[in-house]
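Trainee: As a plain string of letters, each chain reads:
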Amino acid sequence: MQEASSKPSLSKGRREVREIIEACKAVEERRFNPFLIDIGGAVQTLRTYYPLWRSLEDYSMDAEALKGLSKVLALQNSQLLYRSSRLYADPEIVSSRIKRLATAKLAEIFLRAFHPVIELEQVTAPIIREALSYWDGMTPYSWRRRSISLGGGPRSLSTAELEAMGIAEREGFHEKLKEIEVELRGACIKGPVEYWSFIRSTAHGRVEILDRIYLVSFLLTSGEASMKRDADGNLWLWIPPKGYRGEVESITIPVEVGGE
Amino acid sequence: MEGFADKVRRAAVLLMYRRGRMPGAREWELKAALGKGHEKILDRLSEVLSELGLELYKLRLEDGDIRYLIRVKDPLTRSQAKLCGWRIDNLAALAAAIADIVSKQGRSNRRDLEELISRKTGRWRSLNLIDAFVKSGYLEEDEEGMISLGWRALAEVDLKDLMTLILGASQERRATA
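Residue numbers (our numbering), protein chains in the order written: chain A, 107 to 366; chain B, 47 to 223.
Isolated chain A, as found in the complex:
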């Protein structure tokens, strides 16, 4: 690991951090001894270049190097524990010993430490009986093949088919909005119409009432219709003239969903 020079530069910093990452990776892959890495020096390098980082890639690289160093530290710790155990053997010595030993001698050594597990894989009478009954009950493949429908591949669906499947509605939202606007304009020819009587006028059931409330709220928000409250607190719908700029007030109308 190189010591950071007195004048750190971004490119040099990136190169050195990349070197740290590579070294840590080599240790993780057991290519280097973990004690070959100077953890203190590497951390100092990261500390020196940290103020220079600008981009996300730089910070990611810094984090990767730190993660690699922490893994090296963990490996140093486990190696110390391993060295204190009876299994410890220097990998270089073991490797050279294996290379030197003749194949037959190595096999002989192995046999002295080898205790193969006993296991039986045998067909028994009950297994054969079970297999025969399964075989007898199986439908011939040619029959099964006939019953497997692979489908006709992807195809387009018409609007009518989508409506029948319940995926598409017969009327779109805009058509419904237009319809209720025409209905409201018709109702307001002689003057303002009471809000709840308009909502309930043609609705059958709670779902349709909610549907009409939802659509009217759109007309009110877009300015196609307007609403006012009289002295008794009743709400009235009316159609404002084009270009009408009245006072805008937000009104909340409580709707009882559970009861009639």
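Hints were generated in silico from the structure; no laboratory data involved.
A few of these clues could be false.
Cβ-Cβ distance ranges computed for the label pairs, FRET-style [said to hold, decoys possible]:
{"no.": "1", "chain 1": "A", "residue 1": "L263", "chain 2": "B", "residue 2": "E73", "range": "52 to 62 Å"}
{"no.": "2", "chain 1": "A", "residue 1": "K173", "chain 2": "B", "residue 2": "S125", "range": "46 to 56 Å"}
{"no.": "3", "chain 1": "A", "residue 1": "L238", "chain 2": "B", "residue 2": "D111", "range": "29 to 39 Å"}
{"no.": "4", "chain 1": "A", "residue 1": "L263", "chain 2": "B", "residue 2": "W74", "range": "47 to 57 Å"}
{"no.": "5", "chain 1": "B", "residue 1": "G66", "chain 2": "A", "residue 2": "W241", "range": "17 to 27 Å"}
{"no.": "6", "chain 1": "A", "residue 1": "F141", "chain 2": "B", "residue 2": "L129", "range": "43 to 53 Å"}
{"no.": "7", "chain 1": "B", "residue 1": "G81", "chain 2": "A", "residue 2": "I273", "range": "57 to 67 Å"}
{"no.": "8", "chain 1": "A", "residue 1": "I234", "chain 2": "B", "residue 2": "R171", "range": "36 to 46 Å"}
{"no.": "9", "chain 1": "B", "residue 1": "R171", "chain 2": "A", "residue 2": "P260", "range": "45 to 55 Å"}
Under the rule of at most 35 Å between Cα atoms (straight-line distance), these lysine-lysine pairs were calculated in the DSBU-like manner [unchecked claim]:
{"no.": "10", "chain 1": "A", "residue 1": "K173", "chain 2": "B", "residue 2": "K206"}
{"no.": "11", "chain 1": "A", "residue 1": "K348", "chain 2": "A", "residue 2": "K296"}
{"no.": "12", "chain 1": "A", "residue 1": "K131", "chain 2": "B", "residue 2": "K206"}
{"no.": "13", "chain 1": "B", "residue 1": "K53", "chain 2": "B", "residue 2": "K181"}
{"no.": "14", "chain 1": "B", "residue 1": "K53", "chain 2": "A", "residue 2": "K177"}
{"no.": "15", "chain 1": "A", "residue 1": "K205", "chain 2": "B", "residue 2": "K128"}
{"no.": "16", "chain 1": "A", "residue 1": "K284", "chain 2": "A", "residue 2": "K296"}
{"no.": "17", "chain 1": "A", "residue 1": "K205", "chain 2": "B", "residue 2": "K181"}
{"no.": "18", "chain 1": "B", "residue 1": "K53", "chain 2": "A", "residue 2": "K205"}
{"no.": "19", "chain 1": "A", "residue 1": "K173", "chain 2": "A", "residue 2": "K131"}
{"no.": "20", "chain 1": "B", "residue 1": "K104", "chain 2": "B", "residue 2": "K119"}
{"no.": "21", "chain 1": "B", "residue 1": "K128", "chain 2": "B", "residue 2": "K82"}
{"no.": "22", "chain 1": "A", "residue 1": "K211", "chain 2": "B", "residue 2": "K181"}
{"no.": "23", "chain 1": "B", "residue 1": "K128", "chain 2": "B", "residue 2": "K104"}
{"no.": "24", "chain 1": "B", "residue 1": "K181", "chain 2": "A", "residue 2": "K131"}
{"no.": "25", "chain 1": "A", "residue 1": "K177", "chain 2": "B", "residue 2": "K206"}
{"no.": "26", "chain 1": "B", "residue 1": "K104", "chain 2": "B", "residue 2": "K77"}
{"no.": "27", "chain 1": "A", "residue 1": "K334", "chain 2": "A", "residue 2": "K282"}
{"no.": "28", "chain 1": "A", "residue 1": "K211", "chain 2": "B", "residue 2": "K119"}
{"no.": "29", "chain 1": "A", "residue 1": "K211", "chain 2": "B", "residue 2": "K82"}
{"no.": "30", "chain 1": "A", "residue 1": "K131", "chain 2": "A", "residue 2": "K177"}
Now the stretches of chain B that chain A is said to cover, found in silico as 3 or more residues with beta-carbon under 8 Å [to be verified]:
{"no.": "31", "region": "59 to 66"}
{"no.": "32", "region": "172 to 179"}
{"no.": "33", "region": "205 to 214"}
Note that beta-carbon positions come from the ideal geometry of N, C-alpha and C, so glycine has one too.
We have chain A already, so just place chain B on it with the hints.
Mentor: For chain B alone, coordinates are given in the frame of chain A:
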């Protein structure tokens, strides 16, 4: 009513027949199958096996559970190993792989292992052998190409003995190849 001797026989069948990926049986399986006093039944089975040159071995699994296995008690001779279907160079390759992994604290790079084994068996054979060892459970390979010891190596090989024997082996008979 099943007698004690019947239970011992049942335990032997449970431990010898391979039902899933691994032979043997977990402790809870034996408890469930043999009921109360399963330890006594296993002790008796161990005595019977000992007379046949076999032993009941407890393998501690990664999840902390114990798996009981039956294994050969005394080391095999070369001719016995051949009778079991082992080739001498395959045994040597397995010994080299296990020793290398143990010396590297339980994990070794596949490339290093291939290189080490290829010295004994040749390049292509080393690739096939490592795959075969992984498949049979002696070795385990992760997505990064790191090889570690599999359940079978832990169950069948006395690692301390193997390392001691390799390090203490006489180098008189050096490989001439």
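Trainee: Hint by hint, note whether the structure agrees.
Mentor: Quick rundown of the hints versus the structure:
1. Evaluation of the 52 to 62 Å hint for L263 (chain A) and E73 (chain B) yields a pass: the beta carbon distance comes to about 58 Å.
2. As the Cβ distance of K173 (chain A) to S125 (chain B) is approximately 52 Å, the hint placing it in 46 to 56 Å holds.
3. Checking the proposed 29 to 39 Å range against L238 (chain A) and D111 (chain B) shows it holds: the Cβ atoms sit about 36 Å from each other.
4. For L263 (chain A) paired with W74 (chain B), a C-beta distance near 54 Å keeps the hint of 47 to 57 Å intact.
5. In this structure, G66 (chain B) and W241 (chain A) meet the distance hint of 17 to 27 Å, their C-beta atoms being roughly 23 Å apart.
6. A hinted range of 43 to 53 Å for the beta carbons of F141 (chain A) and L129 (chain B) is consistent with their spacing of about 46 Å.
7. Between G81 (chain B) and I273 (chain A), the C-beta spacing of about 59 Å keeps the proposed range 57 to 67 Å intact.
8. At roughly 38 Å, the beta-carbon separation of I234 (chain A) and R171 (chain B) lies within the given 36 to 46 Å, and the hint holds.
9. A beta carbon spacing of about 49 Å between R171 (chain B) and P260 (chain A) agrees with the range 45 to 55 Å that was offered as a hint.
10. The hinted pair formed by K173 (chain A) and K206 (chain B) meets the criterion: a straight-line CA distance of about 33 Å does not exceed 35 Å.
11. Between the alpha carbons of K348 (chain A) and K296 (chain A) the distance comes to roughly 18 Å, so the proposed pair stays at or under 35 Å and holds.
12. As the CA atoms of K131 (chain A) and K206 (chain B) are separated by approximately 29 Å, the hinted pair is consistent with the 35 Å bound.
13. Restraint check for K53 (chain B) and K181 (chain B): the C-alpha separation of about 33 Å stays at or below 35 Å, so the hint holds.
14. Only pairs whose Cα atoms come within 35 Å are accepted, and K53 (chain B) paired with K177 (chain A) is rejected, the gap being roughly 50 Å.
15. Only pairs whose Cα atoms come within 35 Å are accepted, and K205 (chain A) paired with K128 (chain B) is accepted, the gap being roughly 23 Å.
16. At roughly 20 Å between alpha-carbon atoms, K284 (chain A) and K296 (chain A) fall within 35 Å of each other, so this suggested pair holds.
17. Between the alpha carbons of K205 (chain A) and K181 (chain B) the distance comes to roughly 25 Å, so the proposed pair stays at or under 35 Å and holds.
18. At most 35 Å may separate the alpha-carbon atoms for a hinted pair to count; K53 (chain B) and K205 (chain A) exceed this at roughly 49 Å.
19. For the hint pairing K173 (chain A) with K131 (chain A), the CA-to-CA distance comes to about 10 Å; that is within 35 Å, so the pair holds.
20. Distance check on the hinted pair: K104 (chain B) and K119 (chain B) sit about 13 Å apart at the alpha-carbon level, within 35 Å; holds.
21. The suggested pairing of K128 (chain B) with K82 (chain B) is violated, with an alpha-carbon distance near 41 Å, which exceeds 35 Å.
22. Note on K211 (chain A) and K181 (chain B): the hinted pairing holds, with a Cα-Cα distance of about 25 Å set against a maximum of 35 Å.
23. Distance hint between K128 (chain B) and K104 (chain B) is fulfilled; the C-alpha atoms sit about 26 Å from each other, no more than 35 Å.
24. As the CA atoms of K181 (chain B) and K131 (chain A) are separated by approximately 27 Å, the hinted pair is consistent with the 35 Å bound.
25. For the proposed pair K177 (chain A) and K206 (chain B), the alpha carbon gap of about 27 Å is at most 35 Å, so the pair holds.
26. Between K104 (chain B) and K77 (chain B) the alpha-carbon distance is near 14 Å, which keeps this suggested pair within the 35 Å criterion.
27. Distance hint between K334 (chain A) and K282 (chain A) is fulfilled; the C-alpha atoms sit about 24 Å from each other, no more than 35 Å.
28. A C-alpha spacing of about 21 Å is found between K211 (chain A) and K119 (chain B), which places the hinted pair at or below 35 Å, so the restraint holds.
29. Distance hint between K211 (chain A) and K82 (chain B) is unfulfilled; the C-alpha atoms sit about 48 Å from each other, more than 35 Å.
30. Taking the CA atoms of K131 (chain A) and K177 (chain A), the gap is about 9 Å. The hint holds against a cut of 35 Å.
31. Beta-carbon proximity to chain A at under 8 Å applies to 3 residues in the region 59 to 66 of chain B; the threshold of 3 is reached and the given coverage holds.
32. As drawn, the region 172 to 179 of chain B meets chain A at 0 residues by the rule of a beta-carbon pair under 8 Å; below three, the given contact is violated.
33. A stretch counts as covered by a chain when three or more of its residues have a beta carbon under 8 Å from one of that chain; for the region 205 to 214 of chain B and chain A the count is 8, and the coverage holds.
When the structure is compared with the earlier hints, violations turn up for hints 14, 18, 21, 29, 32 and for no others.
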